[in-house]
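Undergrad: Residue strings, one per chain:
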Amino acid sequence: MDLFVSPATPWADRRLSELTTGVIGYLAAMAASETVAVTVGPFEGATCYALMFIALVNLTLLARVREADFAGYLWRLLAVAAIPPLERLLMLCMPPLRWGLLQEYVFWSVPLFVGIVVLLGTPLLSEVADRRPRLVRTRDGGYGLRGLTGQVLVALAGAGLGVAAGLGAEGQLRPVGELLRTSQPAWFGIVLFVFAGCTQELLYRGVIQPVATAVGDWVGVVVSSLLMASAWLAWVGVVVAAPVVVASLLFGWAVHRWHALIGVLVGHGLFSLALALLWHRVLL
Amino acid sequence: MLAQGSLAAPLGLRNLDQIYFVPLIALLVLLLEREMIRSAGGSRARTAIRVLDVAILPLLVAFLIILALRLNQIFTHS
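Chains as they are written, first to last, in numbering that gives the first Met the number 0: chain A, 0 to 283; chain B, 0 to 77.
Be aware that one or more of the hints could be misleading.
[Claimed, not checked] Anything over 10 Å on all C-beta distances counts as not near chain A; from chain B, calculated:
1. Ser38
2. Gly40
3. Arg43
4. Phe74
[What the hints assert, rightly or not] Some chain B residues judged to face chain A by a derived CB distance under 7 Å, without partners named:
5. Ala25
6. Val28
7. Ile64
Quick caveat, the hints were computed from the structure, so don't treat them as lab data. All residues carry an ideal CB built from backbone N, CA and C; glycine is no exception.
Please construct the entire structure, taking both the sequences and the accompanying hints into account.
TA: Given below as C-alpha cells:
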C-alpha cells in the first residue's frame, strides 16, 4: 500500500490529492498562454502571461499571509510558479527597439536575474535548504571525483545536444568564422554563458527544482524540466523539441543526483553556443 | 518645426510598440495594490508588501531598461 508514498514529509498526505490538479492546471495555463503567443501574437501572449503572473503573485500573497507560522509549502510553490510567466513576459516584451537578437538575452536576463537574487534572500528556500543545490558542492558536501566526472559528462552532453538541435534546425553546417566575424566572439560567449545559461539554470535548477522537489523527488525534476523546455521551445521553435527536452531532463537529473550547479551551467552554455553557431537564426 | 517635432509627438509614443506597455501596466497594477494594502496597515499588510516588493522589483528593472533605451533612441535621433 505504501509503494507510491514517499518518506514522510510535511506534505506527504496532501501531495497527490491537492497538488496534482494544481500542477496540471498550471502547466495547461502555461501551454495555453504560449499557444496564444505563437498563434495570435506576442502582445496577446504577453498579456496572458502578465495576468498569470499577477494572479500567482496574489495567490502567493494570500497563502503567505494565511500561513502564520511561515512553515508552509503552498506559498513557496506559488511563488516559484510565478517566475516562469514573468520570464516569458520579459522574453516577449524585452526585445528593445533597434537591438539585435543577441542583446535580447541581456535585456530580459537582467530583470530576471535581479528577481532571482532578491528571491534567494527571502525565506523561500529556508525549508528546503538541504535540497538546494550549490555551485560546485556534491551531495556529500565535498568535491568528489565521481561527481566531477559526471558533471563534465553532463556538460559535454549539453554541447552534443546543442549540436543535434542545431543540425535538426538547419539541416547543415554553417561556417563558424562567418558568425564570429559578424558578432564579437567575447561578447557572444559571455552573453550565452552568463546571461542565458546562468540565469536560466539558477532559476530552474536553483530555485524551482528544490522547492518542487518537496512535493516529490521526481516531480521537481520533471516540472522544472518541462517549464525550462517550454521556454526554450517558444524561443527557438518546436523544430528542436527533442534535444531541448532531453537536455532539460538531463540537467534536472544531474542537479538531483549531485546537488551541484556547475555542470549544468556549463552544459547549458555549451548547448546555447553550439545551437547558435549551427543555427544563425537564433542570434542573427 | 520645434512645435511639430516636440509637441506633436513629444514622447514618440506612437512609435512605441504596444507590447512594451504590458509589463508597465503589470507594474502599475502591483504598485497600486501595494499602496492599497499599505494603507490597511498591520503585520499582515507588512508581510503582503514584502511579497509584492519581490514581484515588483524585476518589473521595475524592466521598466528602467525600456525607459533608458527609449531615451537613448530619442536623443540619438534628435
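Undergrad: Against each hint, give a clear statement of whether it holds in the structure.
TA: Tested hints:
no.	hint	verdict
1	Ser38	holds, 16 Å
2	Gly40	holds, 14 Å
3	Arg43	violated, 5 Å
4	Phe74	holds, 13 Å
5	Ala25	holds, 4 Å
6	Val28	holds, 6 Å
7	Ile64	holds, 6 Å
Hint check: a violation occurs at hint 3 only; the rest are consistent with the structure.
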